[in-house]
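A.B. asks: If you want the building blocks of each chain, they are given just below.
2 protein chains.
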Amino acid sequence: MAKISQIIIGDELLNAKINDLNLQILAKEIAPLGFDFKKCTVLGDNFDQVTQEIKKQATENDFLIITGGLGPTKDDLTKSIVANALAVELVENLEAEKIAIKQYKAFGRVFSRESSNYHMLPKDTSPIYNPSGLAPGIHAKLGSCEIFCTPGVPRECEAMIRDSIVPMLKDRAQSAHELFVCRTHSIPEETIFFKLCPNLWKDLEEFGKVSSLPIISGVDITINLKPEFQNEESRQKIRDIIEATEIKNNIWTYGLRSIEEVIVEEAKTKGLTIGFAESCTGGLASSTITNVSGSSSVFLGGVVSYANSVKENIINVKEETLKNHGAVSIETATEMATGSRKALGVDIAISYTGIAGPGGATPGKPVGTVCIGVATSEGASAERYEFRGDRMRLKNKFCQQGLILLLAKVRDL
Amino acid sequence: MAKISQIIIGDELLNAKINDLNLQILAKEIAPLGFDFKKCTVLGDNFDQVTQEIKKQATENDFLIITGGLGPTKDDLTKSIVANALAVELVENLEAEKIAIKQYKAFGRVFSRESSNYHMLPKDTSPIYNPSGLAPGIHAKLGSCEIFCTPGVPRECEAMIRDSIVPMLKDRAQSAHELFVCRTHSIPEETIFFKLCPNLWKDLEEFGKVSSLPIISGVDITINLKPEFQNEESRQKIRDIIEATEIKNNIWTYGLRSIEEVIVEEAKTKGLTIGFAESCTGGLASSTITNVSGSSSVFLGGVVSYANSVKENIINVKEETLKNHGAVSIETATEMATGSRKALGVDIAISYTGIAGPGGATPGKPVGTVCIGVATSEGASAERYEFRGDRMRLKNKFCQQGLILLLAKVRDL
Chain X
7 MAKISQIIIG DELLNAKIND LNLQILAKEI APLGFDFKKC TVLGDNFDQV TQEIKKQATE
67 NDFLIITGGL GPTKDDLTKS IVANALAVEL VENLEAEKIA IKQYKAFGRV FSRESSNYHM
127 LPKDTSPIYN PSGLAPGIHA KLGSCEIFCT PGVPRECEAM IRDSIVPMLK DRAQSAHELF
187 VCRTHSIPEE TIFFKLCPNL WKDLEEFGKV SSLPIISGVD ITINLKPEFQ NEESRQKIRD
247 IIEATEIKNN IWTYGLRSIE EVIVEEAKTK GLTIGFAESC TGGLASSTIT NVSGSSSVFL
307 GGVVSYANSV KENIINVKEE TLKNHGAVSI ETATEMATGS RKALGVDIAI SYTGIAGPGG
367 ATPGKPVGTV CIGVATSEGA SAERYEFRGD RMRLKNKFCQ QGLILLLAKV RDL
Chain W
7 MAKISQIIIG DELLNAKIND LNLQILAKEI APLGFDFKKC TVLGDNFDQV TQEIKKQATE
67 NDFLIITGGL GPTKDDLTKS IVANALAVEL VENLEAEKIA IKQYKAFGRV FSRESSNYHM
127 LPKDTSPIYN PSGLAPGIHA KLGSCEIFCT PGVPRECEAM IRDSIVPMLK DRAQSAHELF
187 VCRTHSIPEE TIFFKLCPNL WKDLEEFGKV SSLPIISGVD ITINLKPEFQ NEESRQKIRD
247 IIEATEIKNN IWTYGLRSIE EVIVEEAKTK GLTIGFAESC TGGLASSTIT NVSGSSSVFL
307 GGVVSYANSV KENIINVKEE TLKNHGAVSI ETATEMATGS RKALGVDIAI SYTGIAGPGG
367 ATPGKPVGTV CIGVATSEGA SAERYEFRGD RMRLKNKFCQ QGLILLLAKV RDL
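Each protein sequence line maps, in turn, to chains X and W.
What the first sequence shows, in the working numbering, is residues 7 to 419, in sequence order.
What the second sequence shows, in the working numbering, is residues 7 to 419, in sequence order.
One or more hints might be untrue.
Copies of the same chain look alike in the list, so a pair counts if it works inside one copy or between any two.
Here are the simulated lysine to any residue pairs, SDA-like style, with alpha carbons at most 25 Å apart [stated by the list, open to error]:
#1 LYS108 / GLY374
#2 LYS104 / THR197
#3 LYS45 / LYS62
#4 LYS44 / GLU252
#5 LYS80 / LYS176
#6 LYS276 / LYS371
#7 LYS232 / LYS276
Treat the hints as calculated values from the structure; they're not laboratory data.
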């Protein structure tokens, strides 16, 4: 299988200014192509270190993707580094200039050789079209390794890999790898593999390399399928094996779809509309659902009732309920669900009220407490949960738990 | 300066299942300590490849952080790999077992040697306390390099680095590096450095290594300050230089705080309350503001008015306005801002209505169009913008643009 690696360049990644997104972008785009993705190396804007790394990786890989450092400012060194690694000069490249002129025009601006060096490329390399930005990429060859350089801005990196590089790689790819993924909720991985299903790992290993990964919504069980099992019959056999175990009821989907995608699809099929009343999640549940393209056919809206006044005035939570039971209570969550269901005019409303911290804990209600309500035409109820983590994790964990309840309700109705 | 590198282990990172967060976690925690962060390498669960990488990096670094593969399942190989790199056996370690027993208890569970091998460590290594999960880390020495292994779950990785590893590293650190950051909005980097301020880069370079980075809210200009300029007087001198240029009015803050943090702080100081009416952003603006701890003192709530019925019923947008001008219009945005300001009872309301795509474009209103309204006691108005990108980027870009307007309004009032 052809070997591919990635080098990501940028001081900003090693000094904590930003989080890298370009590894996952490359991984996603090449996953269906069947390469052996060996390694991703993140380096600072260091001329000598990056030059050495490129030379070394070019001897170990068939393809090398270099991301970042293609912009117009002085800290953008990739072009000179690649020239240095290839032991050539930077020269004028009319094809690169043509691409730059075209892209500047698309962005309503005019290219000039003074304000960027996009018309220069290392000798004997070609430009790569940038569908979503100004800087052309670079296509080079070092020994037997093909090198592709993309900008570091994730949007530009993604568009260039998808539209310009993947089509070139496709011709060179061999057998694709295929994942079988089973997504579960509400049980830790040890409980799955050591208590509930002690033989499951061994049984699944016959079909390929097994891995277990805790993610925010639960545990993913993944099999990298051997070629002979990359077919629907084998997939069904694997599903039967898993569903014969005690985790049957904790499976919420197979495959890599997110829970919000599954909810939107299944609610659409059933003609159900949904909405949220969010306190501690602050709009995250609504935002998560609306990340799904086409969600507008099922999601009508939400109320972020952060202050008690908003709970009372917009979704009709009673003042006495808040006074007697507190904002974080089963009673308030139930009224939030009922009130928002009515105000939004939806079939199913989910409500969240809890303490994401770091402040706000009260006796008996530690940080991490959340009450989640569900209201349908059949009535409303709420459950209380406790999770651990910092503010961001808790917001996410609360949100996911509500989405699990929402999916169950969509399937029930 | 002492050299540090990171190795991140996990098939899930190279097969696109999840996005890595642990590089930024490490970078953030060690940034104030003054190490030379050389490299981060991401590898799959490959016994031989990881062993080789550890051996190689141990010769090039003073410290090596290995992240991932410490869990209880068979795909968690780090413990055996480290033993292999050190050329020792795995042995029982009573200290590790004590930590595991304590942590299981904290999570309301009981440790058993059958369901995990947390009591085993490579010979002559010590366990590292895991404040936020079950698996102990590993502290080892290979040649002159100190090795620290942490779990891959970001929450556990972060807690272990912060609470257990940073205190050990602190003693060994030398001079800290210090960043000067200027955050700007609404102008591309080329316009800044080649048109508006052609001498700025050179002027700033006297103070340290300069870099320019486009992020979602605009362009960050960063200087990695030389030791002699790590003081308030120099910082003021740099600010004076920047503010003497034409980008003066595009600077929204200095330092690494996010725009939502700045908004919450400044609104709090002025005693202003804020709220949102969100259509195309789907709750993202509310969720972003509520990521800030303490935001409840300024953010009262929001309405996610995805469907027109919600716009009409909860925030009082007129049916005629929607019919005559469409949901995505200056007129609708203005009414959304006015109506939500009243419904939420806030001083400033920001409204969003636009087309995040991929569907929904109409003649004259392409995907990427957004109208953003601002309402205060002085009245309401709205502006129309056009951005480029996919659904996720557009949601983010819309959200950021509204936050820029919100911050300006907080500063005005």
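A.B. asks: Take the hints in turn and mark each one as holding or not.
C.D. replies: Against the structure, the hints come out as follows:
In the homo-oligomer, the alpha carbons of LYS108 and GLY374 lie at most 25 Å apart only across protomers (21 Å), although the nearest pairing inside one protomer, at 53 Å, exceeds that limit. Within a single copy, LYS104 and THR197 get their C-alpha atoms only as close as 60 Å, which misses the 25 Å cut-off; across copies the closest is 21 Å, which meets it. In this assembly of identical chains, the alpha carbons of LYS45 and LYS62 lie at most 25 Å apart whether taken from the same copy (12 Å) or from different copies (15 Å). In this assembly of identical chains, LYS44 and GLU252 lie within 25 Å of each other by CA distance neither inside one copy nor across copies; the values are 36 Å within and 47 Å between.
Taking the shortest Cα distances, LYS80 and LYS176 never come within 25 Å of each other, neither inside one copy (34 Å) nor across copies (33 Å). Taking CA atoms no more than 25 Å apart as the test, LYS276 paired with LYS371 passes in neither setting, with 37 Å inside one copy and 31 Å between copies. Taking identical chains as interchangeable, the C-alpha atoms of LYS232 and LYS276 are never at most 25 Å apart, the minima being 36 Å within one chain and 63 Å between chains.
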